[in-house]
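Q: Each chain, letter by letter, is given below.
There are 2 protein chains.
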Amino acid sequence: MSATEKTADQARVEVPLGARSYDILIGPGLIGRAGSKIAARLPGVRAAIVTDEHVAAHYLAPLQDSLKDAGIQSISIVLPAGEKTKRFDQVIRVSEEILDAHLERGDAVVALGGGVIGDLTGFVAGIVRRGMRFVQIPTSLLAQVDSSVGGKTGINTAHGKNLVGVFYQPALVLADTGVLDTLSEREFRAGYAEMVKYGLIDQPEFFSWLEDHWRDVFAGGGARVRAIAQSCQAKADVVAADEHEGGHRALLNLGHTFGHALEAATDYDGNRLVHGEGVAIGTVLAHQFSARLNLASPDDAHRVAAHFQSVGLPTKMADIEGELPPPDILMNHIAQDKKVKRGKLTFILTRGIGQSFMADDVPSSEVLSFLKEKHPQ
Amino acid sequence: MSATEKTADQARVEVPLGARSYDILIGPGLIGRAGSKIAARLPGVRAAIVTDEHVAAHYLAPLQDSLKDAGIQSISIVLPAGEKTKRFDQVIRVSEEILDAHLERGDAVVALGGGVIGDLTGFVAGIVRRGMRFVQIPTSLLAQVDSSVGGKTGINTAHGKNLVGVFYQPALVLADTGVLDTLSEREFRAGYAEMVKYGLIDQPEFFSWLEDHWRDVFAGGGARVRAIAQSCQAKADVVAADEHEGGHRALLNLGHTFGHALEAATDYDGNRLVHGEGVAIGTVLAHQFSARLNLASPDDAHRVAAHFQSVGLPTKMADIEGELPPPDILMNHIAQDKKVKRGKLTFILTRGIGQSFMADDVPSSEVLSFLKEKHPQ
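Taken in sequence, the protein lines are chains C and Z. The numbers in the first sequence follow my numbering, run straight up by one, and end at 377. The numbers in the second sequence follow my numbering, run straight up by one, and end at 1377.
This is chain C alone, in the form it adopts within the complex (with noise of 0.2 Å):
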């Protein structure tokens, strides 16, 4: 924590990658400040923003407004909401709208919104020019917590999500936690499965002290701006030891290999399953599964499925509307998402709370003769 400064309601967190360390800057109204801490970062830039019709309609104006004030000269693109709208056409259109309006390699492109809007623009940031400065302004908790930090972007294709992008860091990321009063209960709680997962990977401390103040976090205020502040610090630590995935930053898909298979099992439908509902049910399947693989009490496994189920959130297949397919078809998820080599998986685990680790000797069979066990039908 010692790269995280904090006022009463502002923080600042370093991600440490040399050349191309960046801030990241936490606390309300922060989209009105937005263009004198570019201005500030990124002296003389003129800037694209990146945005989608939802986030325009509350915050574009605002952000407009900001960078004319510290005078810095923007154009507007306002894109479709929605996961469709990460695909080549789109990157294609906005790359194309960057270049009609003559700005440069050092000149600015700023998202302002959710994960897709990210992951979309953070990817055209990188290829335009081959590489301009990208700016992050995450618009939901999700986005603040996981997706602003590390530097992936991508687009889906026909063969699945994110299979195309690059490695990709902002020069400065502006997580406005005034904006997270507007989300639904809904999208709050997903985000916060994700902070409570930072707690498991290997902070403890952190997960018990979300157990004692979630209600301050979810009401907002400096409660909130601490937890999201020591998430992207924990992310941060973690892209820092491995910034282009070859073993470390595997620990932060605690949770994810059951909760892709759910999200896959439901078809992406977001009336059924958003993100972060499916890692709180995996997070749990995974402390649940290390129980059984007697490589942690299943006290433990109870602890997170109770924290989760007090803010609200599900934590068990049972808990999804609707009919889920059987074992063998949520298996042949897994295997897509994980290779399999030889009958074993690479597997998050763990040893309990905060005690997370990667094992990379799963037998699938043990994993099938789990999903039986917990499958509701």
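Honestly, I wouldn't trust all of these hints.
[To be verified] Some chain Z residues well away from chain C (every beta-carbon gap over 10 Å; in silico):
# : residue
1 : Leu1099
2 : Asp1269
3 : Leu1349
4 : Phe1357
[Said to hold, decoys possible] The following label-pair restraints were derived from C-beta to C-beta distances:
#  : chain 1 : residue 1 : chain 2 : residue 2 : range
5  : Z       : Arg1342   : C       : His58     : 37 to 47 Å
6  : C       : Lys372    : Z       : Gly1160   : 50 to 60 Å
7  : C       : Asp89     : Z       : Arg1105   : 18 to 28 Å
8  : Z       : Gly1160   : C       : Pro326    : 47 to 57 Å
9  : C       : His58     : Z       : Tyr1268   : 43 to 53 Å
10 : C       : Asp269    : Z       : Ala1158   : 35 to 45 Å
11 : Z       : Glu1053   : C       : Lys316    : 54 to 64 Å
12 : C       : Gln355    : Z       : His1248   : 42 to 52 Å
13 : C       : Ala70     : Z       : Glu1366   : 19 to 29 Å
In short, the hints are calculated from the structure, not lab data. Idealized CB from N, CA, C, for every residue including glycine.
Could you slot chain Z onto chain C? The hints should help.
A: Relative to the frame of chain C, chain Z by itself:
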């Protein structure tokens, strides 16, 4: 030259970029040995070969056989030949075919062709699964001495050339000097102009050696291997010092500001002027312009022109067939290529043979007067 190793007819140049360092192997017959060279460095990979129709007719089957003999499974993607292939639609097509074949991040994308294939394929390799392994097998002299070293990849858009791309380093470059025997004399000369450029940047003894041995280089054999290796080493040295084009790398643009303007002025019509010819004329102009600014002796410009003439390259605007636009239009092309700041341009100039430097305060009025003086009409 420390990292260059030579045997009778093969050389190895190491591009020193830390964890991303790689070898360039140079010599005849390397396509036939590609399989074993790749298998030795990237054990267990599968491969996607990307090439164009012209190159495929000569070299695809030998490359496929070589990979097969080394136990490397491969698919082949054959694209239309020509600059129009460097576009987003082909990026999408190649990406989809690689994903169709279930190639993973650790598998290799192999570019078999000239600069167009290398630039497009490198871009695809850099973005599919956020970066796969990339092997270059350049089949033109220009690609062997220029575009296959340095990690610049990219495609063209409606706004101009190479405006979208990434910096992405290959894992291995195989420069098969035998394939150059099938190039037209004109193509070989065009690549040769870039070799001469390396001597003129900062290796006066290499320029002198080329003056004495250019017939041997054109004839093939050991002198050709040596000249290509020295060119790759020269570019590798510059790239290692400045991978992402902050400053020093700009020296590689010696002759290119005038050259690009002439290419644009002839609508990139390869019948009238190919890139290397533009570089030859541009390099002579850069030396003449330096003399006009009293930076270098006019004798140096004469010497450069005399050498280009002796190998059959054009050296002045009048050598270009057909009419050229007037000087002020040429000046506009230069201003588009280089940003003009308060009437001043950044230009690569020289104090003599092998003494080039970057000047960032060249008055555009001086450039225009010079163009008027040298313009044939």
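Q: Identify every previously stated hint that the structure contradicts and give their numbers, smallest first.
A: 1, 13
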